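Enquirer: Residues in the sequence shown are numbered from 1 upward in steps of one, following my numbering.
What the hints contain is simulated information worked out from the structure, not anything from laboratory work.
Possibly wrong hints are sitting among the right ones.
Pairs of lysine-lysine residues, derived as DSSO-like cross-links and limited to a Cα-Cα distance of at most 30 Å, are as follows [as the list claims (entries may be wrong)]:
(1) LYS232 - LYS213
(2) LYS260 - LYS213
(3) LYS213 - LYS262
Cβ-Cβ distance ranges computed for the label pairs, FRET-style [said to hold, decoys possible]:
(4) ILE204 - ARG46: 35 to 45 Å
(5) GLU250 - PRO216: 17 to 27 Å
(6) ASP236 - THR188: 18 to 28 Å
(7) GLY167 - TRP8: 33 to 43 Å
(8) ALA254 - GLY62: 51 to 61 Å
(9) ARG256 - ASP236: 39 to 49 Å
(10) ILE204 - TRP8: 41 to 51 Å
(11) ALA11 - GLU250: 42 to 52 Å
(12) ALA242 - ARG46: 13 to 23 Å
(13) GLU250 - ASN48: 18 to 28 Å
This one's a predicted model, so the numbers in the text were calculated from it and none came from an experiment.
Don't be surprised by glycine CBs; every beta carbon is placed ideally from N, CA and C.
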Amino acid sequence: MGHVFRSWDPALRREVALKTIRLDADESKREKLTSRLLREAVTYARFNHPNIVTVYDVASQGSAAFIAMEMVEGTTLEAYFDRYAPLDPEQVIPLGAAIARALALAHEHGLIHQDVKPGNVLLGRDGGIKVTDFGISQLATTTEATGGGTVTGTPGYIAPETLCGEGYSPSGDLFALGVVLYEALTGTVPFSGPNIQEIAITTIAEDPVPIRKLNPEVPAELADLVSQLLAKDPEDRPASAAIVARTFEEWMDAGRLEWKPKPLPQKEEQKPSTLPTDELAASLGA
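Work out the full structure, taking the sequences as your base and the hints as a guide.
Expert: In structure tokens form, the structure reads like this:
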């Protein structure tokens, strides 16, 4: 969603990742969402968490929003999956712990990601795992709900209750985490279809192929946890991201596991910005 450019913050004299997002054409809706994003950005800026990309500043100008974020040298989990999935279970456990820790902190502050997916998890060349784009899906990405209207998020990662019009909750983020971990362990997504509507129907009505049927090397306990995250009823999922994180951390301690990624795929060359530098600086208050 949007475009990310390597940029320079003249006030703090540091490189930042500058994300530009085209906003909704409806002016009243655009102003409401932008105002909410600005408020949430203040909260995210205070996090300083090793598994969350730091947001430095957010601004809007006309039909575009600009988000200045921490520069992470590395690649996305999506690109990593394209090259290496399915991953060894020993690598999926620390990966799951990192994402769950990020979600736990956000949920403790009353914030919901709404678009947890491999493309929103960054793998640093320093070995770090960071979740990005908290709440940004509200600005642009929409999927048709089964009861009419639209929901934000990425097809295949949206929880069944959200697709049925029940809104968002922290449990929806846990469902999406389950999709990411299923993909990590099997090399395929649990819910698919020829179009967005079919993916939604599959997500609501069908159970995924059991993980151990696709990858017998996955320990039963790990497969069971991912299955719980993918439960259709949010009441059947783990009670919180903090509980999920602690479970993964206990397994890491028992097996002395840590995240040791294989060589990271190179990012595609970024396109040069077509927006004037002074316009970007003015938008961000530089």
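Enquirer: Please go over all the hints and tell whether each is borne out by the structure.
Expert: Hints and how they fare:
no., hint, verdict
1, LYS232 - LYS213, "holds, 20 Å"
2, LYS260 - LYS213, "holds, 26 Å"
3, LYS213 - LYS262, "holds, 25 Å"
4, ILE204 - ARG46: 35 to 45 Å, "holds, 37 Å"
5, GLU250 - PRO216: 17 to 27 Å, "holds, 24 Å"
6, ASP236 - THR188: 18 to 28 Å, "holds, 23 Å"
7, GLY167 - TRP8: 33 to 43 Å, "holds, 40 Å"
8, ALA254 - GLY62: 51 to 61 Å, "holds, 54 Å"
9, ARG256 - ASP236: 39 to 49 Å, "violated, 31 Å"
10, ILE204 - TRP8: 41 to 51 Å, "holds, 46 Å"
11, ALA11 - GLU250: 42 to 52 Å, "holds, 43 Å"
12, ALA242 - ARG46: 13 to 23 Å, "holds, 19 Å"
13, GLU250 - ASN48: 18 to 28 Å, "holds, 25 Å"
Consistency note: the structure conflicts with earlier hint 9 alone.
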